[in-house]
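Protein sequence lines, in the order shown, are assigned to chains A and B. Note that this note's numbering has the first sequence beginning at 1, numbered continuously upward. Note that this note's numbering has the second sequence beginning at 170, numbered continuously upward.
Source of the hints: derived by calculation from the structure; they are not laboratory data. Backbone N, C-alpha and C define an ideal beta-carbon position, used for all residues, glycine too. Among the hints, a few may not be true.
[Claimed, not checked] These stretches of chain A come out as covered by chain B in the derived footprint (C-beta under 8 Å, 3 or more residues):
1) 60–74
2) 102–108
3) 116–130
[As the list claims (entries may be wrong)] Listed next, the in silico SDA-like pairs over lysine to any residue satisfying Cα-Cα at most 25 Å (straight line):
4) LYS369(B) to SER123(A)
5) LYS236(B) to TYR191(B)
6) LYS166(A) to LYS201(B)
7) LYS369(B) to ASP21(A)
8) LYS201(B) to ARG344(B)
9) LYS92(A) to GLY301(B)
10) LYS236(B) to LYS166(A)
[Said to hold, decoys possible] Only some residues are given here: those of chain B computed to face chain A with a beta carbon under 7 Å:
11) LEU244
12) ASN296
13) VAL325
14) TYR365
15) ASP366
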Amino acid sequence: MKKHHLFLLTVALIYFGCEKDDVCPATTQTTPRLVIEFYDITAPDQIKSVPGLFVIGLDPDLNEISIYNELVSTRSSIALPLQNNSIQTQFKLYKSYDVIDSVVIGNPDIITITYEIETVYVSRACGYINNYSVQTFSVETDNEQWLINSEILSTQVINENEIHVKVLH
Amino acid sequence: MSLNAQEAESEIGDSIVVKQKYGLRLGVDLSKITRSLTEKDYMGFEINGDYRLSKNLYIAGEIGSEKKTSTTNYLNSTAEGTYLKVGIDYNMYTNWAGMDNLIYSGMRIGITNFNQTLNSYTIYDTNSLTWGGNQVVSNNNFSALSSGWIEIILGVKTEVLNNLFLGFNLQIKGRVFETNINNFENIYIPGFGRTYDSGKFGMGFGYSISYLVPMYRKAK
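Okay, chain A solo, but in the shape it has when bound (with noise of 0.2 Å):
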């Protein structure tokens, strides 16, 4: 019976040590990126992509910050990640970016995103992730503006599989 006992509790003190629970899962919902996706500003409703899209980052002092894992391409919707440690971000959002003789070409519109930041609680693991309410989204003005219109879908990003701000152009 002791022996039945003891091996429980080997059992016990084997899984218990393991500390999965201190290691956080890949899987885990990490913060969410604003989501953008483009549309037709002749027919709004169907979407429309963007050719040699690419993002920079702007800092507050409007240095250009590259984003991790972003590149060029054609595409529909793109992914900002936001600054956990302001409540705005600028980017700089170029339409047929590319670099000819270390020039970069393509037109570039700055856009201003500003937001409430929600820190949630996840676990001992991952600690906390932000969540972001979306209070204006703007495009600065310019002779060559391609975003013409914008109107933000969801103002509360907690995932990236929805939609946050539709775009025209």
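Starting from the known structure of chain A, arrange chain B on it as the hints suggest.
What follows is chain B alone, placed relative to chain A:
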């Protein structure tokens, strides 16, 4: 031992009646002292005691305090508090005449009052390489927390010198209640130990050194 045995024996008629020691045994948990000295994120102290009620039954308890800092890649928190455990130990070991060793199983009810400080955390963000700045120093304190649990113990106590005992025990705990914290959780509960995501169970162990203050002797 043999000397003890003879002391404990007295003759009544033709038969020898072995009288056993009854009294209050008091001690400390050596593992908590050792960990306090060797682990910089742990401070703990525990006094344990038991009082013999009958041949195999002891009323037993522990009182202690713990301060533990828990760290993962994303979270750093400190729990600090005092706890009390009360219950019984039942000796399953049949001693030879004059011996006073225990292989016991026991049960405890434990309660604690504690507080927890969320020292710092990192926002879990797999895209954080872009902007950085995800570390947050919060020093957010959650006080007046409490928790209670039930514990099953399996252990041994061996008399190594006259009235001086060394012991080892394992504890399996089931949490009955705890103060829930808004947007955080109890990572470590003094007396209970670390908590697990999987449920309300916990584990513990102890090495004790204790001294028996004999009060009287009794046959069985």
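(request) Could you check if ASN296(B) really has its C-beta closer than 7 Å to a C-beta on chain A? (result) 4 Å, holds
(request) Would you check the hint for LYS369(B) and SER123(A), treating anything up to 25 Å between C-alpha atoms as holding? (result) 15 Å, holds
(message) For a C-alpha distance cap of 25 Å, please report whether LYS236(B) and LYS166(A) respect it.
(response) Cα-Cα ~51 Å, so violated.
(message) Under 7 Å is the threshold here; is the Cβ of VAL325(B) close enough to any Cβ of chain A for the hint to stand?
(response) 10 Å, violated
(message) Closer than 8 Å Cβ to Cβ for three or more residues is the test here. Does the stretch 102–108 of chain A pass it with chain B?
(response) Violated - the stretch 102–108 of chain A has 0 residues with a Cβ nearer than 8 Å to chain B, which falls short of three.
(message) Holds or violated: LYS166(A) and LYS201(B), Cα atoms, limit 25 Å.
(response) Between LYS166(A) and LYS201(B) the Cα gap is close to 59 Å, so the pair fails against 25 Å, i.e. violated.
(request) Let me know if the C-beta of TYR365(B) comes in closer than 7 Å to any C-beta of chain A, holds or violated. (result) Because about 6 Å separates TYR365(B) from the closest Cβ in chain A, which is inside the 7 Å limit, the hint holds.
(message) Check the hint pairing LYS236(B) with TYR191(B) against an upper bound of 25 Å on the C-alpha distance.
(response) Roughly 35 Å between the alpha carbons, so the hint for LYS236(B) and TYR191(B) is violated.
(request) Double-check LEU244(B) for me: the hint is only fine if its C-beta lies closer than 7 Å to a C-beta in chain A. (result) With a minimum Cβ separation of about 5 Å from chain A (threshold 7 Å), the hint on LEU244(B) holds.
(message) So if I understand the rule, the pair passes when the alpha-carbon distance is 25 Å or less; does LYS201(B) with ARG344(B) pass?
(response) 21 Å, holds
(message) Does ASP21(A) sit within 25 Å of LYS369(B), going by the straight-line distance between their CA atoms?
(response) Holds. LYS369(B) to ASP21(A) sits at ~13 Å (cutoff 25 Å).
(request) Mind checking the alpha carbons of LYS92(A) and GLY301(B) for me, to see if they're no more than 25 Å apart? (result) 18 Å, holds
In terms of the numbered hints stated before, the structure departs from hints 2, 5, 6, 10, 13, listed from lowest to highest.
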